[in-house]
Structures are given as C-alpha cells and as structure tokens.
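With the first letter of the sequence shown counted as 1, position 421 gets the number 417 in my numbering; the numbers rise by one all the way through.
The hints are simulated quantities; they were obtained by calculation from the structure and are not laboratory data.
Be careful, since some hints might not be right.
As the list claims (entries may be wrong) - Listed next, the in silico BS3-like pairs over lysine-lysine satisfying Cα-Cα at most 30 Å (straight line):
#1 K93 - K165
#2 K165 - K0
#3 K194 - K17
#4 K319 - K268
#5 K319 - K165
#6 K17 - K0
#7 K116 - K17
In this text, all values refer to a predicted model and were calculated from it rather than measured experimentally.
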Amino acid sequence: PAAKGRGATFYGSTLSVQPEKAALVCASADREWDSNGTVFGWNPELGNKAGEFGHNDYYGAVVAACQDLQLDGRTALIAMLLHDEIRGRLAECFSLKDCFIDHVLHGAIATAAVVGAIYKLSVDQIEQAIGMTVAHYVPFRAIRAGHQLSDSKGASAAFSTEVAFLAVKRAALGFIGPQDIFRNPQAPFRLFCGPEQKFQRVGAKGEPNSRSADESPFDLTLTRAGSDFAVMGMHFKLGLYEHQSAGAIQACIDLLASHPELLLDSGNPIGKIIITAYQPAFGIIGDPAKRDPHTRQSADHSMVYIVGTLIRKATEIQRSSWKDLILLPPDYDDLALHHPLTRKLMARIEFRHGGDEYDRRYPDGIPTSVLIQDGSGASFDSSLVMYPAGHARNHLTSDPCDLENLLDNKWGQLCRLAKVAPSDAISGYGGIGSMTAEELRAIHQV
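Generate the whole structure from the sequences, applying the supplied hints.
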C-alpha cells in the first residue's frame, strides 16, 4: 500500500498501492486479453523501416504516475501520446525481434522517459533511468518460444514497465545508472548494428560493421506538433487475436459472407483451407507447435486455432460479420481449446509462407490470402488482403469498416463479461482528457 495521499489504483479497485505495482497490474490485464493496438515500425517517409511491432500496453504506467502526483487527465493524455510516440519511433528504427529481444523493451524505454518526465527528473536522471532499464532488464524472446506459451508472454510488458518505473524511482533518489546507452558498444543496439557491431541480426546481409566510432546506430525523430504521430499508424484489434492473423480473419469473413453455403452442416462442405501469409507471421503464429495449443497464450498466437474457432462460430450462428464473430476470452478457455469442431476444422487448414511476394508488402500492410476448397473440388479465393478492418490504412480499401462501431462492440462485449455497464466504462475512460486530478484518481472505479 502507498502512503496516505500518494500511490495509484488499478482496474476495478479503489486501493491505493505503489504506482509501479498499479502499472504492473494494469499492463498485465491489458496484455492478457491481447486486445490492444499495434504499430508496425514503418515510416518510409523518413526511411525508417525496421518493422518492429509493439503495443500500447503502457497507459497504466502513465495514469499511475499522474495519480501518484495528483495530476489531471489532460497531463495523462499528453503523456500517453508521448509514450506511444517514443515507443512507435523506436520500432521504426530498430528491430528487436531480429536480435531475439522482446518488443516490450521499446515500451520499457518509453516508460522510463515519460514517467521520468512526469516526476520532473532532470535530463541526466532520465537518461540514467533509461540506461538502467536497458542494461539490467533486457527481455528475450524466450518468453514467446516453446511448445506451449506460458503466463510470462502475457506479463512481459507488465514486468518491463514495472522495472522501468523502479529505475525512475532509483534515479530520482540519486542512484547513477549507465549513460549513453544507445551508443554503448556492449548494449543491445550497438551489439547488433552500428559501429563495432559484434553480432548479426536475423536476415542481415553482408559483413558486420567493424568501423570504430562513438555514435548511435540510428537517429530518432519524434513528432512534436501537428497530427503525424506514431499512434496514428496503429492497427486496432477488433477482438482478441494476434494482430498478424487479422488479414486471415478478414479474408475468411469476406469469403463466408459471399458463400454462406460453406457454413451448412457444421462446415462439412469445407474440404480444405489454405492460408498464405508473410514472415514474420508465418514463423510466429504458424509455428508447428501452435497447431496443438493447450494454453490460452499459445492459442491466441496460433493461426490455425484462431481461424478454426472463427469458422466454428460462424457455422453455429450462420452469420459472418466482424461483430458476429468477435473473438472473446471464452473463445480461449479450456472448453473452447478442445472443442471437437474447432479441432476438426484446424486439421483442414494448411498455412503457407507466400515468399517475397508477401514479405515485401509487410509491414505496410498485413498481406494474407485464404483459399477454401469444398468437397467437390471447387475453390473460393479471397484474393490478397492488405488492410483488414482495424488497420490504419483500411480506409484505402473499397469497403472500409465502421471502426468506431466495431470498437464500441468490442469494448461493450468485454465490459459485459466483467459485469460492467459498457456506456459507463467507455464514457469514463474516453473522457480522460477533461478529468480533474480527483476524477483521474477514481478512473478505475467502474
């Protein structure tokens, strides 16, 4: 618990705790449901196309810091924008996944910078907090590898934002951490690229950069005015699924809407489903181990499970819109994981890598196609899906979605599961920008 008049709260609670613990709980909840947004590390205008993805799981850290200092909602909203900006631009400049480092490190760096600014640390103290975060707490993608994924995957962002928050606290108390962490030749950034590079990133070509120089391996450009912020390129997920499966979901919805006869007789007309996609989707959610998920964390990162569940639900209700087929927490419980029809449909799915034709189109879009064959040999082809519903460039398609309506549906469904009135929760969190400090302290009381 926090001292009287200090601390922060977490979802559904009025208990005031240490702010880093509130940040931990909120980030873990955000990630557990995997219903957050995604940026893709793609900024061709600046030539920054590292292609790292990341999610906005870290708003809880910002709210916790503002609650602790009794700041208002507008301050929190600006800090959220700054957090997304730092994290999103880092994703454009440096691919952590190519170094087997988890993408949450970018989020932890942003947490150290933004929370440090909220607490009015000096520039040197913020630099040292970032240095401590990177030097002591690098999360490897081991948490996302293995036959069955564990709770660690869902808590990765939470753990990283907690330790970043603690690094800020230590720096504020005078603890001196590493400086120049981006130029440090033994920190992850210089180890894998830039002068005196020691290791090659996955897929890198040519010889390592052996030139001796004291410099950062990339320049970080942040938007400070206008509307071209990194968050504007975010892909909204419209339910609970790994973002790289969105193209396949869109393709299936389109096909089933055009050919409802495929849904008759529990989907028996469906003989085979061929999904073609890009790397890294093929390697991550197409991992052979993911063909038989036994945990919630494995299932939401399994292309065959996500598509199998989607089609199973469509056969049950004989409808096929995004709102009708929204994937929710019950779709990943123990009963759903072993549903006989889902498993039957999963066995009919073949997941292919589309090669360069698909790879070169990511991360501009989520290039995916689905081909369904019926028992007679007839084929139904979705053609290439680039910008599924929820994607920042979906408005460029011939049939753009009503994003606000679909998001309202998602939050409404999730609120009802928690026995919370959707209108109260949506209006409460949606009004954060005009909240007083007192109202912000009560934001999680829904």
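Hint by hint, here is what the structure shows:
1. K93 - K165: Given pair K93, K165 holds - Cα atoms ~29 Å apart, limit 30 Å.
2. K165 - K0: holds, 18 Å
3. K194 - K17: At roughly 36 Å apart (the allowed maximum being 30 Å), K17 and K194 break the hint.
4. K319 - K268: OK: K319 and K268 at ~25 Å, within 30 Å.
5. K319 - K165: Violated, because 44 Å separates the two Cα atoms, which is more than 30 Å.
6. K17 - K0: holds, 16 Å
7. K116 - K17: Answer holds: K116 to K17 is near 20 Å, not above 30 Å.
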